[in-house]
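Q: Take a look at the letters that make up each chain.
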Amino acid sequence: MIKIKVPKLKMLDSVKLHVDALLTGAKEAIRPGTITIEYPRERRKLPDNFRGYILFSPERCKSCWQCSFVCPANAIKMELASNNRYYPSIDYAKCIFCHFCVDTCPVTALRPTKIHDVVYKDLEEMYTPTEGMVNPPKIIREEKYTVEYVVEGRDLILKRTREMDNLIPEIEPHAEVKEYSTCFDPESCLACGLCVNSCPVEAISITTVGQERRLKIDREKCYGCGICVNVCPMHILKLVKRPEEGG
Amino acid sequence: MPELFGVSDILDVISMQHFVQNMVSIPLIQPVIDFLLQIPVLGYIVALILWKPMFALLIFPGLMTLLTVLLFIIWFERKLTARIQWRKGPLEVLRWAGGVIQALADGLRYFFQEVIVHRDAHRLYFLQFPILIFIPVLLPLLFIPAGTIVGIKSPYSLAITVAVVSLIPVFIVAIGWASNSRFAYIGTVREAFMYFAYEIPFIISVISMILVYGTADMVTIVERQAIPGIILNPIAALVFFITTVMATSRLPFEIPEADQEIAFGPFVEYSGIMFGLVMTIAYEKMYILSLLMSILFLGGGNGPAIPLLGDISGVIWLFIKAMAVMVSLAFLRSIYARLRLDQALRVSWTTIMKISLVSLAIGVIINLTTVGVVG
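Line by line, the protein sequences are chains A and B. Numbered according to the numbering used here, the first sequence spans residues 3 to 249. Numbered according to the numbering used here, the second sequence spans residues 1040 to 1414.
Pulled out of the complex, with its shape left as it was, chain B reads as follows:
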């Protein structure tokens, strides 16, 4: 029987040479990187971090950017809403910068608060799910390409991303079940209703974009967007945007959480750092879906290349586009009132479903007319 992996193969894979071959190139700080690579242990760590899959996991679009964006967007949403409603918003923490680290301060406060597990909760699941939910939150980030930087290349990366993102509401329903309280029950049922209502138009709009590009590989999708997808199929973009609003429970579809009526719904029983974890789920989902939207419709990492930054230029363009989408999602909060559950379901099962079918038709037409051109 032939040996599949020898020891030497494994050593090759974890060798510094292997990392350096596929490294993020940043001409601006290349001398610094070259110098750091000479140092024995530090050089290995630098090479590992700058290895493209590891860079995607740790820096962009992975953990570091996710954290920064979380801290920023929570503050920004409050600040923008306050501005539009003639208030000031968070201000007192770091006053000269307009209270920009308010979310960090809140996070620290959550960290030092007691985590209470009430008597009726299913203790194991109650504590487990807020941590387990990070699997479907973080996994899609590996498949999202930022220019040439991508964690895992796969011909099915878009399908995998959408499938994994669709798992998040399942975890939220499980959280609500484990909480075992009335408010959590109401919130959970609302979440389940909304889940079915938005997921189908959402997937249809993604399928229509797969038809437009003729592939489900996000790297190829970005490459083929000489014309941004929002011009090719604006209706799919509209459906994607509205379903993103529903999926991330922004206003006017902030129905499962609805902090004024059912006090954060499924998350009502959480306190301390556990509440901090579950509260940010919607924002993390918003970040992933914004990245997805910028890749599907806004051309991903495409943009005028900045020679000094090398591979980072694609990262910057994708980041700017994703932030623009997130800001416009946050902007909705200050304008719309919350719909009732039945109104939202009616809108979603009738109007949005119809529009999504139209977008699917457009996708089919484009797919048929361009067969052999891009496909």
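Chain A on its own, in the form it takes in the complex:
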């Protein structure tokens, strides 16, 4: 056991420390370095990759279910839309704002925003269907200033500007990688048909030639969602990069 002894200070030293403390207090009382942001009247300037409310663009989504698979809080549920495609919906009562779904989305269909102050009346209302994720929610903005923390030398200071911060940052969609599903080991195929049932565009079919049943993937129909890759019990399907047009 280590025993720590109280440092013995000389009389003068302790008086000096007291005077130091008093002077520091007096200095701060006269010129305080207040760092409080008066939130409804001011708003902190947040980085563009702030993990806030999540927006969804259905035209980009290829229903790959990756967001739903990766969600650690099980907040994302895929819902069947009228066009026979599955689109994500978020239950904000469960969401922990880790934005794994945004990071994992291969086609930038999910986008982050800086909106963090949405009010719900009850838990049921916090379940946001796909339609609710397309447009940003209505929030009341009272702020006159946008505030930013700036480090100057050794001091942290507040910088106030009179402009309104854009809460929905423009995110450049990253270049889409066109892929299609393919079977690299047809010998091992069980022809169980799980992939056939899972395919949203009916690109996979099983043809029977004599005693042999063969898997056939229509490369034109397939848009590379990868559901069949996840479903296959023998792990013999994989996504392959589509060759460039004319290349």
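Keep in mind that the hints were calculated from the coordinates and are not lab data. Misleading hints may appear alongside valid ones.
[Claimed, not checked] Here are the simulated SDA-like cross-link-like pairs (lysine to any residue), alpha carbons at most 20 Å apart as the crow flies:
hint	chain 1	residue 1	chain 2	residue 2
1	B	Lys1127	A	Tyr151
2	B	Lys1127	A	Gly195
3	A	Lys47	A	Glu154
4	A	Lys7	B	Leu1380
5	A	Lys146	A	Arg46
6	A	Lys146	B	Pro1273
7	A	Lys79	A	Pro131
8	A	Lys29	B	Arg1372
9	A	Lys12	B	Thr1120
10	B	Lys1127	A	Arg244
11	A	Lys10	B	Pro1273
12	A	Lys223	A	Gly195
13	A	Lys12	B	Arg1372
14	B	Lys1127	B	Arg1372
15	A	Lys18	B	Ile1274
16	A	Lys5	B	Asp1381
17	A	Lys7	B	Asp1381
18	A	Lys140	A	Glu44
19	B	Lys1127	A	Arg162
20	A	Lys12	B	Trp1388
21	B	Lys1118	A	Ala23
22	A	Lys29	B	Asp1381
23	A	Lys29	B	Thr1120
24	A	Lys146	B	Glu1131
25	B	Lys1127	A	Glu40
26	A	Lys18	B	Leu1380
27	A	Lys140	A	His118
28	A	Lys18	B	Leu1277
29	A	Lys18	B	Pro1273
30	B	Lys1127	A	Glu30
31	B	Lys1118	A	Lys5
32	A	Lys18	B	Ser1367
33	B	Lys1393	A	Met13
34	A	Lys47	A	Val152
35	A	Lys29	B	Ser1373
36	A	Lys146	B	Lys1127
37	A	Lys29	B	Leu1371
38	A	Lys12	B	Ser1367
Knowing the structure of chain A, use the given hints to seat chain B on it.
A: Then chain B, alone, in the frame of chain A:
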């Protein structure tokens, strides 16, 4: 047997003439007062209020100033601490004035809250003591002279004031006993320990100042301070200041209340307006001791006279000095951390006791050398 007081004597005492003879003179609003005195009933009331002892009781240093100072200093303490700690402090109530009526708003909230008396409390004492404690809080204010305005003149006024102020912790211990809960018990024991630890150096420093001035009459003490007492006996001033910090449970000696660890100690069981009453005790004590400090060490109501204000000028000087002392007491809150009980007791029984004895020695020396000069 001769009659001590006749009916005519009593009528003399309560007559308007008696009040007007000893009235606060304010040249600035004298025409208004003269006009008001002509009106039958209102004139009597005005004369009564401006009668010096009644003025001391009601306006300064009495009830009105006490209330105003309470409302101000609670807000100011929070605001100053927030400022030093890079926060904003109370702001939303009356925003343009920086939330200055926050204490008033809190008081109103307390007023409409339910007062809960829990099952284990001694019901009678639990409800009685927070109100009874106003006797030792308000009584000293009558003896404190503000210039020429003083409630009761007495050759022992300083001794009486110190004795009555020393009664306040007894009431706090009684409050803690009546609360009958664990936190209140801990707080009460701490209060009792601290009471013994600070009261002796406090009284020694007051005695040393009595020796310096050769009298215990506060009016005379103020008159004799051509040189402020803080220069005559700075060590007594230091001891008085530190013991005031302990007595009013400011940081770093906020040990009996210690809201972060034992949740206001003796006052933990109170709610509603009763909590409002007991919470302000420390601030009221702080006000009295600040007035006492400005009278003993800072020259009381002495200062450049303002002719237009007449008797009020002494009041203003005393008020400014007392507020300066209170602000410096509130300032300590934002700098120091709370000491443990044993550390505070060690500091008080050793260092402060030694210093107070030194101050007593200085007082004795001054008393001996100036005998016949002021005494």
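Q: Quick one, are A:Lys18 and B:Ser1367 close enough, alpha carbons at most 20 Å?
A: holds, 18 Å
Q: Quick one, are A:Lys47 and A:Glu154 close enough, alpha carbons at most 20 Å?
A: holds, 17 Å
Q: Next pair to validate is A:Lys146 with A:Arg46; report whether the Cα-Cα distance is within 20 Å.
A: holds, 11 Å
Q: Hinted pair, alpha-carbon criterion (20 Å max): A:Lys146, B:Pro1273. Please report holds or violated.
A: violated, 52 Å
Q: What's the verdict on A:Lys10 and B:Pro1273, does the C-alpha distance respect the 20 Å limit or exceed it?
A: Status violated; Cα separation ~27 Å.
Q: For the pair supplied as a hint, A:Lys12 and B:Arg1372, is the alpha-carbon distance within the 20 Å limit?
A: Given pair A:Lys12, B:Arg1372 is violated - Cα atoms ~25 Å apart, limit 20 Å.
Q: Is B:Lys1127 within 20 Å of B:Arg1372, Cα to Cα?
A: holds, 16 Å
Q: CA of A:Lys140 to CA of A:Glu44, is that 20 Å or under?
A: OK: A:Lys140 and A:Glu44 at ~18 Å, within 20 Å.
Q: Against the 20 Å threshold, does the CA-CA distance of A:Lys140 and A:His118 hold or violate the hint?
A: holds, 12 Å
Q: Is the Cα-Cα distance between A:Lys7 and B:Asp1381 20 Å or less?
A: holds, 16 Å
Q: Checking one constraint from the list: CA of A:Lys7 to CA of B:Leu1380, max 20 Å. Satisfied?
A: Holds, at roughly 18 Å.
Q: Next pair to validate is B:Lys1127 with A:Gly195; report whether the Cα-Cα distance is within 20 Å.
A: Since the Cα atoms of B:Lys1127 and A:Gly195 sit roughly 66 Å apart, the hinted pair is violated (cutoff 20 Å).
Checked against the numbered hints given earlier, this structure breaks hints 2, 6, 9, 10, 11, 13, 22, 26, 31, 38; the rest are met.
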